[in-house]
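Q: Sequence:
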Amino acid sequence: MPEPNEAFRSALDWSARAAQAVQEVRARQLELKDGFASLAVAESRRQEALAARNVVGEDKMREGFAQQLV
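Numbered per UniProt numbering, the sequence shown spans residues 1 to 70.
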């Protein structure tokens, strides 16, 4: 079996680097997906809390108007 030449070694090195880069990209992609999911959950909770406060505030406001009318 002949010894691998410089072009073969270069291609093998490039292939290994490309495989490593793909693994890094996939790891970062998973991190971003988890981060976006966490942000979406936090935002939905924030909006639900705001909506709940607005409803409570509206009820209190209505009670105040009702008392003024009576």
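Hints were generated in silico from the structure; no laboratory data involved. The C-beta atom is built at its ideal place from N, Cα and C for all residues, glycine as well. Certain hints may be false.
[To be verified] Just the calculated beta-carbon pair ranges, DEER-fashion:
# : residue 1 : residue 2 : range
1 : Ser10     : Leu32     : 27 to 35 Å
2 : Ala52     : Arg28     : 30 to 38 Å
3 : Asn5      : Val25     : 29 to 37 Å
4 : Ser10     : Glu48     : 54 to 62 Å
5 : Ser10     : Ala42     : 30 to 38 Å
Q: Give a verdict on every hint.
A: Hints and how they fare:
For the hinted restraint 27 to 35 Å between Ser10 and Leu32, the CB-CB distance of approximately 33 Å keeps it satisfied. Under the hint 30 to 38 Å, the C-beta atoms of Ala52 and Arg28, about 36 Å apart, fit the expected range. Between Asn5 and Val25, the C-beta spacing of about 30 Å keeps the proposed range 29 to 37 Å intact. Our hint of 54 to 62 Å for Ser10 and Glu48 holds, since their Cβ atoms are close to 57 Å apart.
Roughly 48 Å separates the CB atoms of Ser10 and Ala42, a value that falls outside the hinted 30 to 38 Å.
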